[in-house]
Amino acid sequence: MTLLSVQDLTVTLATNDGPARAVRDLSFTLEKGETLGIVGESGCGKSMAALALMGLLPSMSKTTGRINLDGKNLLEKTETEMCRIRGNRMAMIFQEPMTSLNPVHTIGHQIMEPLRLHKGLSDDDAHKETIRLLDRVGIPNPKARIDNYPHQLSGGQRQRVMIAIALSCKPHILIADEPTTALDVTIQDQILDLIQTLVREDGMALILISHDLGVISENTEKILVMYGGAAVETGRTDRIFEELVHPYTQGLFAAMPRLGRARSKRLVTIPGTVPDLISLPAGCTFTDRCPLATDICRETPPPVIEVKGQHFVACHHVEEARARKTEELFS
Amino acid sequence: MVGGTMTLFLLICAAISLFWTPGSAYEIVIANRFLPPSADHWLGTDQFGRDIASMLMTGTQNSIVVAVVAVSIGLFIGVSLGLLAAARRGWTEEIIMRLSDFSFAFPAILSAIMLTAILGPGGVNSILAIGLYNIPVFARLTRGSANAIWTREYVMAARASGKGRLRITFEHILPNILSIIIVQATILFAIAILAEAALSYLGLGTQPPEPSWGRMLNEAQTLMFLDPMQAIYPGLAIAIAVFGLNLLGDGLRDVLDPRLSRKR
Amino acid sequence: MSVFIAKRVLTLIATLIGASMVIFLVMEILPGDPALVILGVDASESAVQTLTKELGLDRPPLERYISWITGLLQGELGNSYAYKVPVWELVQGALLITLPLAIMSIILSIVLALVIGLYAAANHNKAGDVTLMGISQLGISIPNFWLAILLIILFAIELRWLPAGGFPGWDEGILKCLTALLLPSLALATVVGAILARITRSSVLEVFREDYVRTARAKGLSQRATLWRHVLRNALIPVLTVTGIQFAALLTGTVVVENVFHIPGLGSLVLKAINNRDTIVVENVVLLLATMVITVNFLVDILYAVIDPRLKAHDI
Numbered sequence: 620m621t622l623l624s625v626q627d628l629t630v631t632l633a634t635n636d637g638p639a640r641a642v643r644d645l646s647f648t649l650e651k652g653e654t655l656g657i658v659g660e661s662g663c664g665k666s667m668a669a670l671a672l673m674g675l676l677p678s679m680s681k682t683t684g685r686i687n688l689d690g691k692n693l694l695e696k697t698e699t700e701m702c703r704i705r706g707n708r709m710a711m712i713f714q715e716p717m718t719s720l721n722p723v724h725t726i727g728h729q730i731m732e733p734l735r736l737h738k739g740l741s742d743d744d745a746h747k748e749t750i751r752l753l754d755r756v757g758i759p760n761p762k763a764r765i766d767n768y769p770h771q772l773s774g775g776q777r778q779r780v781m782i783a784i785a786l787s788c789k790p791h792i793l794i795a796d797e798p799t800t801a802l803d804v805t806i807q808d809q810i811l812d813l814i815q816t817l818v819r820e821d822g823m824a825l826i827l828i829s830h831d832l833g834v835i836s837e838n839t840e841k842i843l844v845m846y847g848g849a850a851v852e853t854g855r856t857d858r859i860f861e862e863l864v865h866p867y868t869q870g871l872f873a874a875m876p877r878l879g880r881a882r883s884k885r886l887v888t889i890p891g892t893v894p895d896l897i898s899l900p901a902g903c904t905f906t907d908r909c910p911l912a913t914d915i916c917r918e919t920p921p922p923v924i925e926v927k928g929q930h931f932v933a934c935h936h937v938e939e940a941r942a943r944k945t946e947e948l949f950s
Numbered sequence: 527m528v529g530g531t532m533t534l535f536l537l538i539c540a541a542i543s544l545f546w547t548p549g550s551a552y553e554i555v556i557a558n559r560f561l562p563p564s565a566d567h568w569l570g571t572d573q574f575g576r577d578i579a580s581m582l583m584t585g586t587q588n589s590i591v592v593a594v595v596a597v598s599i600g601l602f603i604g605v606s607l608g609l610l611a612a613a614r615r616g617w618t619e620e621i622i623m624r625l626s627d628f629s630f631a632f633p634a635i636l637s638a639i640m641l642t643a644i645l646g647p648g649g650v651n652s653i654l655a656i657g658l659y660n661i662p663v664f665a666r667l668t669r670g671s672a673n674a675i676w677t678r679e680y681v682m683a684a685r686a687s688g689k690g691r692l693r694i695t696f697e698h699i700l701p702n703i704l705s706i707i708i709v710q711a712t713i714l715f716a717i718a719i720l721a722e723a724a725l726s727y728l729g730l731g732t733q734p735p736e737p738s739w740g741r742m743l744n745e746a747q748t749l750m751f752l753d754p755m756q757a758i759y760p761g762l763a764i765a766i767a768v769f770g771l772n773l774l775g776d777g778l779r780d781v782l783d784p785r786l787s788r789k790r
Numbered sequence: 109m110s111v112f113i114a115k116r117v118l119t120l121i122a123t124l125i126g127a128s129m130v131i132f133l134v135m136e137i138l139p140g141d142p143a144l145v146i147l148g149v150d151a152s153e154s155a156v157q158t159l160t161k162e163l164g165l166d167r168p169p170l171e172r173y174i175s176w177i178t179g180l181l182q183g184e185l186g187n188s189y190a191y192k193v194p195v196w197e198l199v200q201g202a203l204l205i206t207l208p209l210a211i212m213s214i215i216l217s218i219v220l221a222l223v224i225g226l227y228a229a230a231n232h233n234k235a236g237d238v239t240l241m242g243i244s245q246l247g248i249s250i251p252n253f254w255l256a257i258l259l260i261i262l263f264a265i266e267l268r269w270l271p272a273g274g275f276p277g278w279d280e281g282i283l284k285c286l287t288a289l290l291l292p293s294l295a296l297a298t299v300v301g302a303i304l305a306r307i308t309r310s311s312v313l314e315v316f317r318e319d320y321v322r323t324a325r326a327k328g329l330s331q332r333a334t335l336w337r338h339v340l341r342n343a344l345i346p347v348l349t350v351t352g353i354q355f356a357a358l359l360t361g362t363v364v365v366e367n368v369f370h371i372p373g374l375g376s377l378v379l380k381a382i383n384n385r386d387t388i389v390v391e392n393v394v395l396l397l398a399t400m401v402i403t404v405n406f407l408v409d410i411l412y413a414v415i416d417p418r419l420k421a422h423d424i
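Residue numbers (the working numbering), protein chains in the order written: chain A, 620 to 950; chain B, 527 to 790; chain C, 109 to 424.
Any given hint could turn out to be false.
[As the list claims (entries may be wrong)] Computed list of chain B residues with no C-beta within reach of chain C, every gap over 10 angstroms:
#, residue
1, PRO633
2, ILE694
3, LEU700
[Unchecked claim] Which bits of chain C does chain A cover? Going by a derived footprint, with three or more residues having C-beta under 8 angstroms, they are:
#, segment
4, 256-270
5, 408-417
Hints are computed from structural coordinates only; laboratory data are not their basis. Note that beta-carbon positions come from the ideal geometry of N, C-alpha and C, so glycine has one too.
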């Protein structure tokens with residue numbers, strides 16, 4: 620059975636200016652041990668989608684659709700039942716390692732907490748397991764480090780502790796929301812490698828969320844590109860990189876700085892800014908910034924078209940997008 | 527809004543009482559003592575036959591004068607010291623801040639007790655005591671917020687362009703922390719009214735026959751068994767004044783500094 | 109940790125010395141000759157001079173300051189000018205009433221604050237929260253001595269449940285004494301409790317928005333468990349700061365409220381001393397009150413380090 624199957628997930632936030640659809644009609648599946656990358660600019664709804672999976676959205680939000688974990692819809696579960704799933708079957712790593720750990724508790728205490736809660740380990744066993752976990756995430760001298768407070772650790776080390784917390788109960792799914800964005804470039808790769816290794820060793824499924832197409836392409840088997848709360852392009856990573864179709868994905872790729880590119884070539888930027896979620900058009904969310912946009916884009920949600928095997932694009936003008944080169948689209 | 531209205535109401539009461547009161551707040555008419563509320567005496571009379579409503583109105587004047595002067599003392603000296611500490615840093619800041627640490631051991635009433643022990647009881651002394659207490663409060667707040675502004679980019683830019691510390695203080699620092707200071711002043715105004723009432727209640731503040739809310743409470747207390755209502759009115763007046771000012775302070779904070787209000 | 113405490117202890121001592129100097133200097137400027145107060149205005153010139161010498165008032169200020177402080181450390185405060193009894197006796201009796209009153213009030217206010225603050229935060233923006241915050245806004249605005257009078261009118265005059273004032277003395281049994289202190293401490297605790305409740309509420313709400321609270325929730329902790337294990341300790345830090353500041357207000361509040369209830373504590377003592385121009389009593393009581401404020405702030409500093417491990421790191 621499919622491990623995780625998300626259907627028509629929609630998250631609506633109540634704001635002062637009216638309801639904002641942070642996530643609209645998002646659907647994807649995740650098999651055991653599979654890795655999925657969700658990519659998009661900040662504010663595109665990718666973090667909201669992740670929090671919706673965990674059931675941790677702020678109280679002034681409404682979630683509809685289905686989130687089936689092992690065939691059971693999480694949205695129908697009670698808060699108590701969700702508590703048993705969070706940290707146990709599904710775990711999450713956040714963007715800000717500097718502020719994601721409680722400053723007044725030792726890191727050992729914070730890693731032991733889910734072990735006691737979900738696995739019912741005794742203090743002694745939890746302590747031993749914590750040392751093993753610290754060692755596993757690459758914290759040197761874990762026996763001494765276990766009594767450290769978060770402020771005594773560097774950002775990279777704190778993220779390693781966060782990973783240890785997330786992995787402590789051997790979850791089936793690990794959600795990593797921009798796990799390296801706040802870290803130094805040199806440490807980013809180490810942390811990503813660590814996540815990769817651990818996910819493979821434990822046979823976990825991974826949802827990696829990033830604004831960085833490069834990070835996603837190197838670390839995941841499947842990709843979901845989000846814009847304005849909606850999925851615009853999904854599919855197997857290798858297929859998508861064979862041919863980027865959606866104008867937004869093309870723009871995102873073109874905007875990525877790469878080594879070896881001719882110096883004279885300027886980086887491409889997508890004109891306009893990330894849209895205001897409240898005033899998005901009813902149709903395609905990318906309409907206002909898309910060079911191919913026509914009237915139909917604004918009014919009708921785009922059809923999802925399979926361009927090749929396991930490569931889907933939500934666009935009214937797929938053929939035209941495929942025909943034009945990126946340089947022609949954005950110049 | 528509500529706070530503003532209540533504060534305005536008090537100011538109007540005080541202003542009216544300057545030239546008109548429903549009865550006399552001073553005249554002692556023994557024959558008229560303990561009169562119940564009536565058209566002539568809105569809230570009745572006290573044990574000396576003085577009109578309670580008039581005393582309350584005149585008392586408003588007294589409270590406002592004490593609070594304005596006391597807060598002004600704290601405001602001018604405290605803010606200047608705070609600005610100086612932030613502008614000069616180093617040992618100037620150290621001295622000013624250590625001194626203000628000290629004075630925290632002497633709350634308004636304690637310093638008033640010392641002052642009255644020296645100078646004898648009186649309205650002026652209570653003003654001085656409350657004012658002295660306000661100085662370190664303002665100094666700390668000013669220095670803290672000013673230090674934060676000094677590290678901003680636009681101040682860096684001003685320094686880089688060769689402007690002096692004094693000029694920067696008045697051009698950039700003061701305007702930016704003004705809203706915080708105004709909010710704090712409103713709150714200290716409320717505290718000053720409370721402190722003045724407490725001191726007058728103890729007999730250390732405003733002296734008879736000048737009506738003051740604290741004094742009225744003191745006199746009413748001895749008559750608690752006879753006429754408990756007399757003990758209600760002055761306290762209510764103080765509570766309304768302080769409540770109004772506190773609400774005004776919160777309201778001003780919302781208007782002047784939305785960033786702060788969200789944190790509350 | 110020991111470095112941290114040593115530093116704080118040094119600050120404590122320095123502040124105490126500073127405070128005593130301020131008090132001494134202020135009293136120095138005092139017009140009015142204590143000898144004249146003791147002997148009465150009609151006393152002869154020579155009698156005044158003899159007494160001045162006897163009291164040691166003719167010595168230079170520095171010498172008198174030092175002898176005051178050394179006396180203090182030995183529990184020798186000299187005799188009251190007005191009552192001709194050792195100041196220490198007067199102060200001791202009063203302290204044994206004021207201190208329990210202050211402790212009762214601060215405990216009562218903290219309990220009030222935590223219960224109301226936590227309830228309001230848990231029901232953020234619901235009817236209970238709005239009502240409680242409205243009441244607490246009122247509570248902040250009520251002068252404690254007026255509240256004391258209202259409490260007397262209600263509980264002593266109308267309902268006749270509790271005594272209107274006075275203090276039976278500790279020989280009469282602890283229960284009787286605590287009953288006598290109940291209304292005064294309620295009057296004091298309402299105001300301070302209202303302030304602390306507001307701080308508790310906003311502090312808890314603020315901590316609930318922190319990233320590490322989301323981490324705790326992502327671990328599978330329930331809302332309630334998160335509150336107790338992760339939010340409360342962090343939220344207590346600002347509450348503690350304000351408690352330290354409010355203790356000073358509470359202590360001076362006792363001075364006023366004691367007078368409402370005719371309780372012979374430090375407040376009543378110092379007021380009588382002012383009226384009697386009994387400066388030696390005033391200066392010692394004021395120092396005592398200041399010392400209590402300073403000590404409480406010292407304890408707050410130490411508690412900080414216990415609650416927040418980051419602070420210790422700064423000093424070591």
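Against the structure, the hints come out as follows:
1. PRO633: Not fine: 5 angstroms to the nearest Cβ puts PRO633/B too close to chain C.
2. ILE694: Correct as stated: the minimum Cβ-Cβ distance to chain C is 29 angstroms, above 10 angstroms.
3. LEU700: holds, 26 angstroms
4. 256-270: violated (count 0)
5. 408-417: Result for this restraint: holds, n = 3.
The structure fails to meet hints 1 and 4 from the earlier list, while all remaining hints are met.
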